[in-house]
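Engineer: Each chain, written out:
There are 2 protein chains.
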Amino acid sequence: MNKFQSIANAVDNYITTHTPNILREFTDYLSLPNHASSPEDTKRNAVFIKEMFEKRGVEIEISELPGARPFIYGEYNVPKAERTILLYAHYDGQPVNAGQWNSDPWNPIIRTTTIEKAGEIRPFPEHGEHIDPDWRIYARSASDDKAPFIAIAAALDALRENNINVTSNLKFIFEGEEEIGSPHLAEYLRKYRKKLKADVLAICDGPVHQSGKPQLYFGARGFACLDITVYGPNRPLHSGHYGNWAPNPSLLLVHLLASMKDPDGNVRIENFYDGAEGLSDDEKKIIDAYPDTGDDLKSEFGVAKPEGKNNSLIERLLLPSLNIHGLEGGPVGNLAQNVIPSSASASIDIRLVKGIEPGVMLDRVEDHIRKQGFHIVREEPGIKTRMKYPWLAKIVRHEGYSAVRTRMDLPGTNAIIEAAQRAAGEEVVLLPTMGASLPLYIFKDLLNIPIVGIPIANHDNNQHGPDENIRIGNLWYGIKLFASLLAQAK
Amino acid sequence: MNKFQSIANAVDNYITTHTPNILREFTDYLSLPNHASSPEDTKRNAVFIKEMFEKRGVEIEISELPGARPFIYGEYNVPKAERTILLYAHYDGQPVNAGQWNSDPWNPIIRTTTIEKAGEIRPFPEHGEHIDPDWRIYARSASDDKAPFIAIAAALDALRENNINVTSNLKFIFEGEEEIGSPHLAEYLRKYRKKLKADVLAICDGPVHQSGKPQLYFGARGFACLDITVYGPNRPLHSGHYGNWAPNPSLLLVHLLASMKDPDGNVRIENFYDGAEGLSDDEKKIIDAYPDTGDDLKSEFGVAKPEGKNNSLIERLLLPSLNIHGLEGGPVGNLAQNVIPSSASASIDIRLVKGIEPGVMLDRVEDHIRKQGFHIVREEPGIKTRMKYPWLAKIVRHEGYSAVRTRMDLPGTNAIIEAAQRAAGEEVVLLPTMGASLPLYIFKDLLNIPIVGIPIANHDNNQHGPDENIRIGNLWYGIKLFASLLAQAK
Numbered sequence: 061m062n063k064f065q066s067i068a069n070a071v072d073n074y075i076t077t078h079t080p081n082i083l084r085e086f087t088d089y090l091s092l093p094n095h096a097s098s099p100e101d102t103k104r105n106a107v108f109i110k111e112m113f114e115k116r117g118v119e120i121e122i123s124e125l126p127g128a129r130p131f132i133y134g135e136y137n138v139p140k141a142e143r144t145i146l147l148y149a150h151y152d153g154q155p156v157n158a159g160q161w162n163s164d165p166w167n168p169i170i171r172t173t174t175i176e177k178a179g180e181i182r183p184f185p186e187h188g189e190h191i192d193p194d195w196r197i198y199a200r201s202a203s204d205d206k207a208p209f210i211a212i213a214a215a216l217d218a219l220r221e222n223n224i225n226v227t228s229n230l231k232f233i234f235e236g237e238e239e240i241g242s243p244h245l246a247e248y249l250r251k252y253r254k255k256l257k258a259d260v261l262a263i264c265d266g267p268v269h270q271s272g273k274p275q276l277y278f279g280a281r282g283f284a285c286l287d288i289t290v291y292g293p294n295r296p297l298h299s300g301h302y303g304n305w306a307p308n309p310s311l312l313l314v315h316l317l318a319s320m321k322d323p324d325g326n327v328r329i330e331n332f333y334d335g336a337e338g339l340s341d342d343e344k345k346i347i348d349a350y351p352d353t354g355d356d357l358k359s360e361f362g363v364a365k366p367e368g369k370n371n372s373l374i375e376r377l378l379l380p381s382l383n384i385h386g387l388e389g390g391p392v393g394n395l396a397q398n399v400i401p402s403s404a405s406a407s408i409d410i411r412l413v414k415g416i417e418p419g420v421m422l423d424r425v426e427d428h429i430r431k432q433g434f435h436i437v438r439e440e441p442g443i444k445t446r447m448k449y450p451w452l453a454k455i456v457r458h459e460g461y462s463a464v465r466t467r468m469d470l471p472g473t474n475a476i477i478e479a480a481q482r483a484a485g486e487e488v489v490l491l492p493t494m495g496a497s498l499p500l501y502i503f504k505d506l507l508n509i510p511i512v513g514i515p516i517a518n519h520d521n522n523q524h525g526p527d528e529n530i531r532i533g534n535l536w537y538g539i540k541l542f543a544s545l546l547a548q549a550k
Numbered sequence: 061m062n063k064f065q066s067i068a069n070a071v072d073n074y075i076t077t078h079t080p081n082i083l084r085e086f087t088d089y090l091s092l093p094n095h096a097s098s099p100e101d102t103k104r105n106a107v108f109i110k111e112m113f114e115k116r117g118v119e120i121e122i123s124e125l126p127g128a129r130p131f132i133y134g135e136y137n138v139p140k141a142e143r144t145i146l147l148y149a150h151y152d153g154q155p156v157n158a159g160q161w162n163s164d165p166w167n168p169i170i171r172t173t174t175i176e177k178a179g180e181i182r183p184f185p186e187h188g189e190h191i192d193p194d195w196r197i198y199a200r201s202a203s204d205d206k207a208p209f210i211a212i213a214a215a216l217d218a219l220r221e222n223n224i225n226v227t228s229n230l231k232f233i234f235e236g237e238e239e240i241g242s243p244h245l246a247e248y249l250r251k252y253r254k255k256l257k258a259d260v261l262a263i264c265d266g267p268v269h270q271s272g273k274p275q276l277y278f279g280a281r282g283f284a285c286l287d288i289t290v291y292g293p294n295r296p297l298h299s300g301h302y303g304n305w306a307p308n309p310s311l312l313l314v315h316l317l318a319s320m321k322d323p324d325g326n327v328r329i330e331n332f333y334d335g336a337e338g339l340s341d342d343e344k345k346i347i348d349a350y351p352d353t354g355d356d357l358k359s360e361f362g363v364a365k366p367e368g369k370n371n372s373l374i375e376r377l378l379l380p381s382l383n384i385h386g387l388e389g390g391p392v393g394n395l396a397q398n399v400i401p402s403s404a405s406a407s408i409d410i411r412l413v414k415g416i417e418p419g420v421m422l423d424r425v426e427d428h429i430r431k432q433g434f435h436i437v438r439e440e441p442g443i444k445t446r447m448k449y450p451w452l453a454k455i456v457r458h459e460g461y462s463a464v465r466t467r468m469d470l471p472g473t474n475a476i477i478e479a480a481q482r483a484a485g486e487e488v489v490l491l492p493t494m495g496a497s498l499p500l501y502i503f504k505d506l507l508n509i510p511i512v513g514i515p516i517a518n519h520d521n522n523q524h525g526p527d528e529n530i531r532i533g534n535l536w537y538g539i540k541l542f543a544s545l546l547a548q549a550k
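Going down the list, the sequences are from chains A and B. Letter by letter, the first sequence follows residues 61 to 550 of my numbering. Letter by letter, the second sequence follows residues 61 to 550 of my numbering.
Hints were generated in silico from the structure; no laboratory data involved. Being a predicted model, the structure only gives us computed values, none of them experimental. Do not rely on the hints blindly, as some may be mistaken.
Same chains, same names: a pair is fine if it fits in one copy or spans any two.
In silico SDA-like pairs for lysine to any residue, Cα to Cα no more than 25 Å straight-line [as the list claims (entries may be wrong)]: (1) 431 with 319; (2) 431 with 326; (3) 369 with 450; (4) 369 with 319; (5) 273 with 347; (6) 257 with 114.
So here's chain A without its partners, still in its complex pose:
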């Protein structure tokens, strides 16, 4: 048995012996409401975190910019450290609509599997009681993003109880405004810039692979979005008296949107895919080895035919995407009114890949809209503008941010890949970029160190929605992952 195996066994034993304590601390933490709109709630979380980490010997400093939620900086230094790892997590959560949940989002419960699979509620285990890794804890932020906090704390405990040497210095940055768009993150990072020197930044957020395999990601797509409003008559008109005569803005809008992307998922906007930075040969090999979960996902989501022709999910995520996420042209069904509406709107999000900047991409979309015959305005058009241009589109641009992708073969990233593999006891899945967007550019611009995402949550965690949950086995993986990172002796 090599040294790594003995560490892994020790951590496993620790988890088995201390399950009730770990889960009790976790449920105490999960019981604290944490939406960033409440200064009181976020403060209570910050105080909880401070005490939780100070108990483990981490030096904690809470900082508060005016109008911002607390930012928590922490340091854990060891003699003769081989490296310094900067860990990021956020303690704020998405808002909850309690009426849509099957249980109280602030009163964590255990189920034997998902609600969809009719999981039954079970009491939390007492000392010595068995807990199945497939069981789940349901509560807001159970996955996103309170799980890493408890996993780090338990990893520190496990190493200390077994007298295992910690060989990495740790620095922590814990944010309280991630779910509202990180409005003060850059300012906080600038404030702490000098202290944040490290070999690698590990982002403790996001889900593992859909197959359940551990996964690391080395980037995230960028983001841009735009709202389009197309105009008809200046007030809704009776569709009997004026139907066939007054132009219908919904009709103009569906033609415009249909021109942007074909039903097979190929964007038809000129130059849309141009400039995307290709993959290195190494990255291509990794992509080829990436597990294809297409059939499982199709069953899970009830999808007969995904977009794209024979492309796997991972290949599709390496391309920029265009998605109509909002569409409004009057109510349907029982609330429908027989009118020609006065306007119709769509919201479109664009996921960007490395090499295409948000402003450039939005310009391409606007050029396309003009080519379809629309005159673009930035404000509600008045009567003169309406009488001048048959087709008017008001565009509101949201420039978002660029994609970031770290090389996968740097010393800092390699250390993390190895630690994850040891924790998992198997090859981990390497993802050159998440499909989702994260403002990694803030870290990249200010810190200029490699960035690796080290998610622990199961992919079906209902993140952001009702009935958020974490699989117990994923929490255990998290503890092992952090223990492995901390005790990563050469």
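With chain A held as given, fit chain B onto it using these hints.
Structural biologist: Just chain B now, kept in the frame of chain A:
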């Protein structure tokens, strides 16, 4: 001065002298809330109408079917009547959203012109005070459809005070459920069928021509509608993690809708226009003489370019129409969520012309949807159906009713045309069919007599919306129209 002219002058004088009384009775009537959802409110209206007409010597009978609002039947018989005219009007109104009104919808006020033209509020006139015909009364149902009631009552008073012979028998049917779709009209008509024998049915509802000229209509378009729901993943998916892979139902829906109608307004559904009954040569002449108000309407509604190529509004109304009145694929703007929605829906209304039945038309639309590659379902699809068909469309059909058009050259209709022209003092506009839909088929099927629409309200009356109003001059025209009809001696 011929006899007709002397009658017209007498009625004019009556209006001038009795303006305050007429408007007082009207405002009392308008102060009664009248949505069909309230049995108490509609009952109060029915009692008011009974007293109003009994005072003028009309025999009134109120009938109530279980669960229905009161139906009012009235008779006014004169010796040696030359004809019998059956008059229809409805006393119920659209619901109100008082917060959207500029004044209390149940407290009628006078303005010197429309709110859009900054009309000022004026007190109701005292005896001898002048009132401008361009002034307006604002209240729910001022136009739709309480104005005809007061106009008929005032016409009877004017004739009696001037000892003018009434030469037509009148029968009245007053409905209390028109705005909720006339669910019991057919049953009430069947109940009264024997009593309803008449030479012509005059529908007292709708607006006059947009130019302000008096107008008669001889039909109305039919109606059909359908709700279409198109499916994506079985739950909303994060547009980052799955954007480019999960099919977006809004994208499929916009392609489907765009295939139905081109941006110029031509419906591309196979056979859509087939079977429409053409116009007779006489009707074509009338259409050619129909005043084209296109430019005025364009300015009024802020429309640079109407649908159709060089077609006037009237020509467009003689064709079936297809209108997307509802469109929903997730919220836009600040409420937008970055997801691939689970479904997207549209509501479409179709206005039918004579010769095309609603069921036939809906079949044509469904055939088109199938040809675009969609599998049609009638219920929410389960996982098996979702996995089997890449493109699914749930269709909910609302069959509506057929168009009705009366010939314009029958004895009964001619009498009404002449009366309207005398009342107007000018040629009236003859409209073969309204663009709007009315369930005239119920009358046609059960009564089998010519049907003529004799509207009195101004076209810009905000019918159905907030700030409904009637122009005073249009109310006066109504009184003259009914007086002329009643005293139509050969």
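Engineer: Broken hints, numbered, in rising order?
Structural biologist: none
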